[in-house]
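Modelling step: build the complete structure from the supplied sequences, incorporating the hints.
Letter by letter, the chains look like this.
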Amino acid sequence: MSKTLIRGAKVLGGEPQDVLIDGTVIEAVGSGLPTEGAEVVEADGKVLLPGLVDLHTHLREPGREDSETVLTGTRAAASGGYTSVFAMANTFPVADTAGVVEQVWRLGQQYGYCDVQPIGAVTVGLEGAKLAELGAMYESAAGVTVFSDDGKCVHDAQIMRRALEYVKAFGGVIAQHAQEPRLTEGAEMNEGVVSAELGLGGWPAVAEESIIARDVLLAEHVGSRVHICHLSTAGSVEIVRWAKSRGIQVTAEVTPHHLLLTDELVRTYNPVYKVNPPLRTERDVMALREALADGTIDIVATDHAPHPHEDKDCEWAAAAMGMVGLETALSVVQETMVDTGLLDWAGVADRMSFTPARIGRATGHGRPVSAGEPANLTLVDTAYRGRVDPAGFASRSRNTPYEGRELPGRVTHTWLRGKATLVDGKLT
Amino acid sequence: MQRHLISAADLTRDDAVLILDTAEEMARVADRPIKKLPTLRGRTVVNLFFEDSTRTRISFEAAEKRLSADVINFTAKGSSVSKGESLKDTAQTLEAMGVDAVVIRHSASGAPYRLATSGWIDAAVINAGDGTHQHPTQALLDAFTMRRRLVGRDAGLGQDLAGKRITIVGDVLHSRVARSNVDLLHTLGAEVTLVAPPTLLPVGVETWPCAVSYDLDSTLPKSDAVMMLRVQRERMNAAFFPTEREYSRRYGLDGERMARMPEHAIVMHPGPMVRGMEITAEVADSDRCTVVEQVANGVSIRMAVLYLLLGGNEPAVAHPSPSSESRTTEEK
Ligand SMILES: [Zn+2]
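Quick mapping for you: the protein sequence lines, in order, are chains A and B.
The numbering of the first sequence is my numbering, which starts it at 387 and goes up by one.
The numbering of the second sequence is my numbering, which starts it at -13 and goes up by one.
It should be emphasised that the hints constitute simulated quantities derived from the structure, not laboratory data.
Heads up, some of the hints might be wrong.
Within a straight-line C-alpha distance of at most 25 Å, the following computed DMTMM-like cross-link-like pairs (lysine to aspartate or glutamate) qualify [as the list claims (entries may be wrong)]:
#: 1; chain 1: A; residue 1: K396; chain 2: A; residue 2: D430
#: 2; chain 1: B; residue 1: K74; chain 2: A; residue 2: D699
#: 3; chain 1: B; residue 1: K74; chain 2: A; residue 2: D697
#: 4; chain 1: B; residue 1: K74; chain 2: A; residue 2: D775
#: 5; chain 1: B; residue 1: K74; chain 2: A; residue 2: E451
#: 6; chain 1: A; residue 1: K812; chain 2: A; residue 2: E451
#: 7; chain 1: B; residue 1: K74; chain 2: A; residue 2: E696
#: 8; chain 1: B; residue 1: K74; chain 2: B; residue 2: D38
#: 9; chain 1: B; residue 1: K74; chain 2: A; residue 2: D452
#: 10; chain 1: A; residue 1: K516; chain 2: A; residue 2: E571
#: 11; chain 1: B; residue 1: K208; chain 2: B; residue 2: E177
#: 12; chain 1: A; residue 1: K630; chain 2: A; residue 2: E676
#: 13; chain 1: B; residue 1: K74; chain 2: A; residue 2: E789
Just so you know, these numbers come straight off a predicted model, no measurement behind them.
Spelled out as structure tokens, the structure:
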């Protein structure tokens, strides 16, 4: 097998070192490693991270291949430095059976840009009424460990309780999209001063917080693990902090866009900012950043939600909710967390690789950058600054809120088990 | 004046006074035997109504025709046109036809803003009501009605509504009329008080440039004008208030309550009125109630807006008004 020597990379942001890849694994990490027989990648000044893991991606296949496919989505992931993505279950058909999750998993294996770990639906058809065959999905080739009705909330308390209890049998976790449905009827954006002025239906913070409060109590009651998707409010942070202090097994994620953008942007009525949960206030953004820094929020997840142009090039009410995120996530995290001094690169590795892999039990990912480990790696030019140009996206959809915005950092190389999927910013 | 009229909040005090003064000139045309000006001859205006509103459409149409514009009515209620892309498609069709102005009514808040700012179309856009957001010409016609009644027809020229106390009662939460009026009346120097049960006031209303009260009776004696908003019966089923009867008792305007208003104070309603719930027949039919005048004033206001937006640099009919000079300096 071929060898690759990554020379002079700051591993997890530390002192420059060489990393030698042999075949699918890291052979050695050190200084002045021999270059014979190895292809050399000059990484002077760049930061080397373990391959990123996204616990929350929408790949749209099967059913909405006009938005994204497993192929285009995993190419976007590789461009963004990811080596593993968890694909949400809200496809058509819904990923609520062993057959669908195996299909998605196999497509990821077949294309080889990024491992795809399917998430199984909690309830049949995401309808919130009847548990899906969680055990069968776990036992399938895909080995599903994360279950979510994301896009919808498992709002029935009894169903949520049963799901939390049931997955204990195989160490699964329920990832909750926390949205009280009655409190968010007709909701189009964050409820507050801006929604009142714009005449757009309000999505109150309490609709998220009340579900999180209920679910951490249910998780405590049954002694199970719950993961909260895309936290968006300062109040949600407080509840998770309280739950953790009580020893409740709760983990939480925040999206890059909730770390950067606020509901003030909705004043443009540009649906590129329409997302669920909605963009909140400056105060919420600051609370989320702090919580990610202090570990109350465990991970960053993209909630990559591709939509075709026509679903966004319309009036606000008619537009689809969601943003693409895989290809800009690391840049937004650098801007909001690293360049602000809240997190160092080792912290980024923790929030974007080690911990999401641990929560999702993706055993081959989120491993230390050391000899003998699978060579899942990402090289980042952290000194780079440039404007986001969606025309260059690998994703089939271009619904990014960052078009034309200057962001720092650029992923130049990605390796999946030693095979380069991205070289000098170009997909292989 | 800006190129479009999307929100009452976009108008400066001088813009608004200019529109009111111009409407005063337009109103004189209505008194003539031939109610028509050649001003917009050769210009095409489209009334693009995605939501039913015969009253507003007819008012705009009358205004357009009195200015001799070519008028196209495009009504697209219900059906497939409620799908998002059709606003853009329709806009591009109109663009290809070379229309000069689009009067748009849409159930989605922000649709006129999108139409004006997305590069789909080059025409001037006039918001004729969007979702629960804005209805600026309604606010202008309300202000025009107040100025005529509270300041005086000719005495009002060049004047704003400084110091006038206006009370707006009812379903503020779902009302684009209330939003537009708060913005415009504040700009014109009036003191606005919103009165409603807390369930019908939007979150964040405390940041609006107005006062808020839950109690109608204490507000009435301090009001120069009381504007009753329409309350839709389905709000009751959505638990915004317990019963129609309770709503009427606490927030309805009847003869007894009207008697608590100052002698000169007027009662307004954007229409259509549903007698009984928010306003009794006794009040609706009294000569303090300006509903019919509001309708007539609506045509004058819409004429003024169309005229000014479509490049009317000269006073429309009469001599230069005092505010036309300040307008050029304010122009952005
Ligand atoms: Zn979600």
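To see whether the hints hold, each was checked on the structure:
Restraint check for K396 of chain A and D430 of chain A: satisfied, since their Cα atoms lie roughly 8 Å apart, inside the 25 Å limit. For a cut-off of 25 Å, the pair hint linking K74 of chain B to D699 of chain A stands: about 8 Å separates their Cα positions. Distance restraint check for K74 of chain B and D697 of chain A: the Cα-Cα separation of roughly 11 Å lies within the 25 Å cut-off, and the hinted pair is therefore satisfied. For the suggested pair K74 of chain B and D775 of chain A, the alpha carbons sit about 24 Å apart, so the restraint of at most 25 Å is met.
Distance hint between K74 of chain B and E451 of chain A is fulfilled; the C-alpha atoms sit about 24 Å from each other, no more than 25 Å. Between the alpha carbons of K812 of chain A and E451 of chain A the distance comes to roughly 23 Å, so the proposed pair stays at or under 25 Å and holds. A C-alpha spacing of about 10 Å is found between K74 of chain B and E696 of chain A, which places the hinted pair at or below 25 Å, so the restraint holds. Pair hint K74 of chain B plus D38 of chain B holds up; C-alpha atoms about 19 Å apart against a cutoff of 25 Å.
Among the hinted pairs, K74 of chain B with D452 of chain A is consistent with the structure: their alpha-carbon atoms are about 20 Å apart, no more than 25 Å. Only pairs whose Cα atoms come within 25 Å are accepted, and K516 of chain A paired with E571 of chain A is accepted, the gap being roughly 23 Å. Among the hinted pairs, K208 of chain B with E177 of chain B is consistent with the structure: their alpha-carbon atoms are about 10 Å apart, no more than 25 Å. As the CA atoms of K630 of chain A and E676 of chain A are separated by approximately 16 Å, the hinted pair is consistent with the 25 Å bound.
A threshold of 25 Å between alpha carbons decides the hint, and for K74 of chain B with E789 of chain A the separation of about 21 Å falls inside it, so the pair holds.
Consistency with the previously given hints is maintained throughout, with no hint failing.
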